[in-house]
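Number of protein chains: 2
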Amino acid sequence: MAVYTQVDDEELIAFLATYDLGPLLSCKGIAEGVENSNYYLHTGAGSFILTLYEKRVAEADLPFFLNLMEHLSARGVTCPLPVKNRAGLALGRLAGRPAVIVTFLDGYSIHHPETAHCAALGATLAQLHLAGADFAQRRRNALSVEGWRPLFSTCASRAEEVATGLRALVDAELDHLERNWPRDLPSGVIHADLFPDNVFFLGERISGLIDFYFACTDAYAYDLAICLNAWCFDAELRYQPDKGAALLDAYRRL
Amino acid sequence: MAVYTQVDDEELIAFLATYDLGPLLSCKGIAEGVENSNYYLHTGAGSFILTLYEKRVAEADLPFFLNLMEHLSARGVTCPLPVKNRAGLALGRLAGRPAVIVTFLDGYSIHHPETAHCAALGATLAQLHLAGADFAQRRRNALSVEGWRPLFSTCASRAEEVATGLRALVDAELDHLERNWPRDLPSGVIHADLFPDNVFFLGERISGLIDFYFACTDAYAYDLAICLNAWCFDAELRYQPDKGAALLDAYRRL
Numbered sequence: 001m002a003v004y005t006q007v008d009d010e011e012l013i014a015f016l017a018t019y020d021l022g023p024l025l026s027c028k029g030i031a032e033g034v035e036n037s038n039y040y041l042h043t044g045a046g047s048f049i050l051t052l053y054e055k056r057v058a059e060a061d062l063p064f065f066l067n068l069m070e071h072l073s074a075r076g077v078t079c080p081l082p083v084k085n086r087a088g089l090a091l092g093r094l095a096g097r098p099a100v101i102v103t104f105l106d107g108y109s110i111h112h113p114e115t116a117h118c119a120a121l122g123a124t125l126a127q128l129h130l131a132g133a134d135f136a137q138r139r140r141n142a143l144s145v146e147g148w149r150p151l152f153s154t155c156a157s158r159a160e161e162v163a164t165g166l167r168a169l170v171d172a173e174l175d176h177l178e179r180n181w182p183r184d185l186p187s188g189v190i191h192a193d194l195f196p197d198n199v200f201f202l203g204e205r206i207s208g209l210i211d212f213y214f215a216c217t218d219a220y221a222y223d224l225a226i227c228l229n230a231w232c233f234d235a236e237l238r239y240q241p242d243k244g245a246a247l248l249d250a251y252r253r254l
Numbered sequence: 255m256a257v258y259t260q261v262d263d264e265e266l267i268a269f270l271a272t273y274d275l276g277p278l279l280s281c282k283g284i285a286e287g288v289e290n291s292n293y294y295l296h297t298g299a300g301s302f303i304l305t306l307y308e309k310r311v312a313e314a315d316l317p318f319f320l321n322l323m324e325h326l327s328a329r330g331v332t333c334p335l336p337v338k339n340r341a342g343l344a345l346g347r348l349a350g351r352p353a354v355i356v357t358f359l360d361g362y363s364i365h366h367p368e369t370a371h372c373a374a375l376g377a378t379l380a381q382l383h384l385a386g387a388d389f390a391q392r393r394r395n396a397l398s399v400e401g402w403r404p405l406f407s408t409c410a411s412r413a414e415e416v417a418t419g420l421r422a423l424v425d426a427e428l429d430h431l432e433r434n435w436p437r438d439l440p441s442g443v444i445h446a447d448l449f450p451d452n453v454f455f456l457g458e459r460i461s462g463l464i465d466f467y468f469a470c471t472d473a474y475a476y477d478l479a480i481c482l483n484a485w486c487f488d489a490e491l492r493y494q495p496d497k498g499a500a501l502l503d504a505y506r507r508l
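Respectively, the protein sequence lines represent chains A and B. Using this note's numbering, the first residue of the first sequence is number 1, and each one after it goes up by one. Using this note's numbering, the first residue of the second sequence is number 255, and each one after it goes up by one.
Bound-form chain A, shown alone (with noise of 0.2 angstroms):
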């Protein structure tokens, strides 16, 4: 939770003079996203959100990422719009960094989420999925089965610091899951980080849905597993059958 890339005034001035949003009134650092920089934008057009991408971000992604939001966007889906500057570019430079500058929503996260809004969450991912289904870019999901043991590699000689056994334990994970994975689930653009940071609320109707930089080609399947994993259990780790069921009718009725 930082700001990793101070915007100076007068390059943000100079960078706001190619958009048509009118003069700069306010822009503060927002201490959230683990991934980039995110100033809340107020100027003469309302309100926006500045996006400066870190080095974890691929700039290759990113049209992958701006053009999603947009194909939603068109289709229903709340999700931030990327603004165009007057060259009709969502994609600037900003304080050295690659830069965009989308529509602020209203809304906020739910802490503790209640099963009216597990079954709101279901409704929304299926609307994501169908809007997603004619979306002709592809991105292969880098946090899928193959990424894993890659990922677990790094940090496997600390496992047994974190509990015994554990580093065993992965690996035969692992080695289960890399035989097992099933690679013919019905497929396409998902998410793929639908934690409750991530989502916004109004009451108990979704507002939006926020930060697509993880957005990608795969298994709807894994879509609804975070959303299960992320929203349906309580805070001692027990499963919720009525709030899984909730995500889950909500999502099979569109």
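Any given hint might turn out to be false.
Pair ranges (Cβ atoms, derived) [unchecked claim]: (1) L345(B) to E114(A): 57 to 67 angstroms; (2) L397(B) to A142(A): 30 to 40 angstroms; (3) P186(A) to L456(B): 49 to 59 angstroms; (4) R149(A) to L345(B): 53 to 63 angstroms; (5) A58(A) to A390(B): 55 to 65 angstroms.
To spell it out: a stretch of chain B is covered by chain A in this simulated footprint if at least three of its residues, at any positions, have a beta carbon under 8 angstroms from a beta carbon of chain A; those stretches are [said to hold, decoys possible]: (6) 262–271; (7) 342–348; (8) 356–363.
No lab work stands behind these hints: they were computed from the structure. Just so you know, even glycine gets a beta-carbon here, dropped at the ideal spot from N, CA and C.
Following the hints, put chain B in place on chain A, whose structure we already have.
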């Protein structure tokens, strides 16, 4: 630069229900300020800043700061205005911390002040000193000469790591200042922290002053000295006479 205290959506909605500010629409932690946790808050009534006071701010001092902001705002000094809840109180409690909601000020900090900015600062500083003249409360300046030796004693043993001879130099300067500090200068309410971060501009016009949490009763010259030091030197630490003159001329004119 951080948000020290996280605010839960349910706690925040309950807190906001004690105000006449309409429903919660958005709340985002701001990566500014080193003393307190600040949030950009959007409600049915508009944009605000929510501040949670961390341990470094003495709770007993908060009425001084909040009453001062109200006093100055009523006299035309643009600064955040504390919003009162339905019980008529500006100071509440949220997430275990003293908390206030203040009005949101447009404007942005200038990273490279020009002469025109220094002139605007001088005029606003005079306006601040005049507007504070009839403020009844007093607060001692904890960072005047009496505070410097205790402060230095916490790090004196490592002074030589910064520069050879630094410890003796600071000791000698402290001796000199303690013997010669002027006690009879005109004094009253001062901001005491008018670094560029705390002055908002829209173009060359000052749109507001923020962060009154060092404000106190002391010599007006203390504020002037901070402004001359923080605004009127170049990147190579050379004094810029034009900027200093612009600041002082504008200050004297009011």
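Could you work out which earlier hints the structure fails to respect and list their numbers in ascending sequence?
-> The structure breaks hints 1, 2 and 7; every other hint is satisfied.
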